[in-house]
Amino acid sequence: MIWNEEIECMPPDEMKKLQLKRLQDTVKRAYENVPYYKKRFDEEGIKPEDIKTLDDIQKLPLTTKDDLRAAYPFGMFAVPRREIVEVHTSSGTTGKPTVSGYTREDIKIWSEVMARGLTMFGLTEDDIIQNTHGYGLFTGGFGVHYGAQNIGATVIPISTGQTRRQIEIMKDFGTTVLIVTPSYGLYLAEVVEDEGFTKEDLSLKSIGFGAEMWTEEMRQELQKRFDAPAYNIYGLTEIMGPGIALECSEQDGLHVMEDHFYPEIIDSETTEVLGDGEKGELVLTTLTRHGMPIIRFRTKDVTSLKSETCPCGRSHRKIDRITGRTDDMLKIRGVAVFPSQIEKALLKMDGIEPHYQIIATRPQHLDELEVRVETSPQLFSDEVKELVGIKKKIEDLIHNEIGLRVQVTLVEPKTLPRSEGKAVRVIDKREL
Amino acid sequence: MRIKQLSIFLENKKGRMRNALDVLAEGGFNIRALSIADTSDFGILRLIVPEPDKAKEILEKNNFVVKMGYVIAVEMSDQPGGLSTILGILDDSDINLDYLYAFVDEKEERAIVLLHPEDINAGIEALKNAGGTIIPSKDVYNW
Numbered sequence: 001m002i003w004n005e006e007i008e009c010m011p012p013d014e015m016k017k018l019q020l021k022r023l024q025d026t027v028k029r030a031y032e033n034v035p036y037y038k039k040r041f042d043e044e045g046i047k048p049e050d051i052k053t054l055d056d057i058q059k060l061p062l063t064t065k066d067d068l069r070a071a072y073p074f075g076m077f078a079v080p081r082r083e084i085v086e087v088h089t090s091s092g093t094t095g096k097p098t099v100s101g102y103t104r105e106d107i108k109i110w111s112e113v114m115a116r117g118l119t120m121f122g123l124t125e126d127d128i129i130q131n132t133h134g135y136g137l138f139t140g141g142f143g144v145h146y147g148a149q150n151i152g153a154t155v156i157p158i159s160t161g162q163t164r165r166q167i168e169i170m171k172d173f174g175t176t177v178l179i180v181t182p183s184y185g186l187y188l189a190e191v192v193e194d195e196g197f198t199k200e201d202l203s204l205k206s207i208g209f210g211a212e213m214w215t216e217e218m219r220q221e222l223q224k225r226f227d228a229p230a231y232n233i234y235g236l237t238e239i240m241g242p243g244i245a246l247e248c249s250e251q252d253g254l255h256v257m258e259d260h261f262y263p264e265i266i267d268s269e270t271t272e273v274l275g276d277g278e279k280g281e282l283v284l285t286t287l288t289r290h291g292m293p294i295i296r297f298r299t300k301d302v303t304s305l306k307s308e309t310c311p312c313g314r315s316h317r318k319i320d321r322i323t324g325r326t327d328d329m330l331k332i333r334g335v336a337v338f339p340s341q342i343e344k345a346l347l348k349m350d351g352i353e354p355h356y357q358i359i360a361t362r363p364q365h366l367d368e369l370e371v372r373v374e375t376s377p378q379l380f381s382d383e384v385k386e387l388v389g390i391k392k393k394i395e396d397l398i399h400n401e402i403g404l405r406v407q408v409t410l411v412e413p414k415t416l417p418r419s420e421g422k423a424v425r426v427i428d429k430r431e432l
Numbered sequence: 433m434r435i436k437q438l439s440i441f442l443e444n445k446k447g448r449m450r451n452a453l454d455v456l457a458e459g460g461f462n463i464r465a466l467s468i469a470d471t472s473d474f475g476i477l478r479l480i481v482p483e484p485d486k487a488k489e490i491l492e493k494n495n496f497v498v499k500m501g502y503v504i505a506v507e508m509s510d511q512p513g514g515l516s517t518i519l520g521i522l523d524d525s526d527i528n529l530d531y532l533y534a535f536v537d538e539k540e541e542r543a544i545v546l547l548h549p550e551d552i553n554a555g556i557e558a559l560k561n562a563g564g565t566i567i568p569s570k571d572v573y574n575w
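Chains A and B, in that order, are what the protein sequence lines are.
Numbering-wise, my numbering puts 222 at position 222 of the first sequence, and it's gapless, one number per residue.
If you want my numbering, it's the position in the second sequence, counting the first as 1, plus 432.
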């Protein structure tokens, strides 16, 4: 089923016309109402009238998280504060949080894009959706909530945590769609097993997961453990929250809601715009947002954009699964390493638990990478030489993936931290 | 003729072995014999306890990774050359030994060696043929 066929299947040419009209409107509103944009445009000698084609967007300056932070709290709002009906913020783990403001109309758009995505996952008004994303300043909880209510499904707004209760409710209420972060989903699956439930006790027909980096192997693991297909949700607080791009039943990339968000891929070092299929940093521009129009925001998420037609019938371009963050890329002895690569290598090994930790150190002016992996009954052997062999095999798999030798440490089961939100997988102890 | 042995994975970190032993103590298991194989970052704790299946279950409930394996218990004379005689039997039959550990059975005033040959059945066979005294598990548990 397609939620909004007219828009979601719109021929690309028509979409471009709509995008241009909306981009011109956004740029004008931003220039006239947000001092930050007026200043930046004036510095670059650009006027809103200079945007005559979609490609002219490249003339506009890029916006970074630091720019948004400098405008804390309400400096990026393009409407009087009384027209803002809701605010959210980023987690603030890297400094002052950034604030996102929504007008009543913006909330409607958010409900619309999330309804489109949840429809891709098979959610209908007959379903019961268990939303384990946190409700609060984090956008995850409310975004999913608005979309599901727009569809008319029954929402269980349970938030994160209380894992045993989650499972009890999943079973007793007959949850059909589950929304999780991938790491919390895997943790839930583990507790389901510990409690002695089987997947037959659950009535899940699909899983939506987001807010965190994942690998295809991790998706497979989620699907296997819950016996239901799992679909990805992409979004970020600065632009709106979840709902910017979502995955259809093809499970081959996420459709960007192009009538509301304009995607570009840039080379994160030269900021040059890259072509179809090229991997780089995703840059997003809001096309309809009123409370806080954002122009060319650098997401730091690494992906690529593809325009081929999708068998699902939707014409919106797709982004690939996010393969890294330009800022959680680790430079180890000059080589770029993404945690997702290590995860990919680990999941090639049978019997490995999907919990790991990466520790970077610099003992003697040379970077070392340690990967901690939990031992499982399948991995464990009574003999030292076999255990050493297993360690070596994991080290070889990682070496194949990243081209570097790492030190693998086997740790006791359930000793690595489990997350109930975003997983902390990397600990960088180097003093740079 | 085989004795059940529990092998437990331990990180080579302070307090890890004690944690495992505490779990067994709380479960009321008296350890008959133990040995440790250690490397720089992990160790394998090998134990002989009465009711090994129950001990395994309790350890696993406490998040330890445990493997059940088998060893042979052989009586040896508690004097110089006692162990060498037994190893000689295995050597003569071309049987490789992975590891061994020993303890003294005070009640019976004898020494017992626990052997883990690569091929446990061949080991039992060779020891029997050479007239060695293989001790059954109930005697190991209840000495």
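By construction, these hints were calculated from the structure, which means they are not laboratory data.
Given the structure is predicted, the values throughout are model-derived calculations rather than measurements.
Glycine included, each C-beta is placed from N, C-alpha and C at the ideal position.
Some hints here could point you the wrong way.
In the SDA-like style, the derived pairs of lysine to any residue whose C-alpha atoms are separated by at most 25 angstroms in a straight line are [as the list claims (entries may be wrong)]:
hint : chain 1 : residue 1 : chain 2 : residue 2
1    : A       : Lys429    : B       : Lys445
2    : A       : Lys391    : B       : Asn451
3    : B       : Lys488    : A       : Lys38
4    : B       : Lys493    : A       : Val411
Derived DEER-like restraints, expressed as beta-carbon distance ranges [stated by the list, open to error]:
hint : chain 1 : residue 1 : chain 2 : residue 2 : range
5    : A       : Gln364    : B       : Asn495    : 33 to 39 angstroms
6    : B       : Arg434    : A       : Glu216    : 41 to 47 angstroms
7    : B       : Leu519    : A       : Ala336    : 50 to 56 angstroms
8    : B       : Lys493    : A       : Ser203    : 27 to 33 angstroms
Stretch by stretch, here's where chain B covers chain A in the computed footprint (C-beta under 8 angstroms, at least three residues) [to be verified]:
hint : region
9    : 174–180
10   : 383–391
Hints, one by one, checked against the model:
1. A/Lys429 x B/Lys445: 20 angstroms, holds
2. A/Lys391 x B/Asn451: Judged against 25 angstroms, a Cα distance of about 24 angstroms means the pair holds.
3. B/Lys488 x A/Lys38: 70 angstroms, violated
4. B/Lys493 x A/Val411: Answer holds: B/Lys493 to A/Val411 is near 17 angstroms, not above 25 angstroms.
5. A/Gln364 x B/Asn495: 33 to 39 angstroms: 35 angstroms, holds
6. B/Arg434 x A/Glu216: 41 to 47 angstroms: Between B/Arg434 and A/Glu216, where Cβ atoms are some 45 angstroms apart, the hint holds.
7. B/Leu519 x A/Ala336: 50 to 56 angstroms: Given about 54 angstroms between the Cβ atoms, the range holds.
8. B/Lys493 x A/Ser203: 27 to 33 angstroms: Holds - the Cβ-Cβ distance for B/Lys493 and A/Ser203, about 29 angstroms, lies within 27 to 33 angstroms.
9. 174–180: violated (count 0)
10. 383–391: Coverage by chain B holds here, the residue count being 4 at a Cβ distance below 8 angstroms.
Of the hints listed earlier, those the structure fails to meet are numbers 3 and 9, in rising order.
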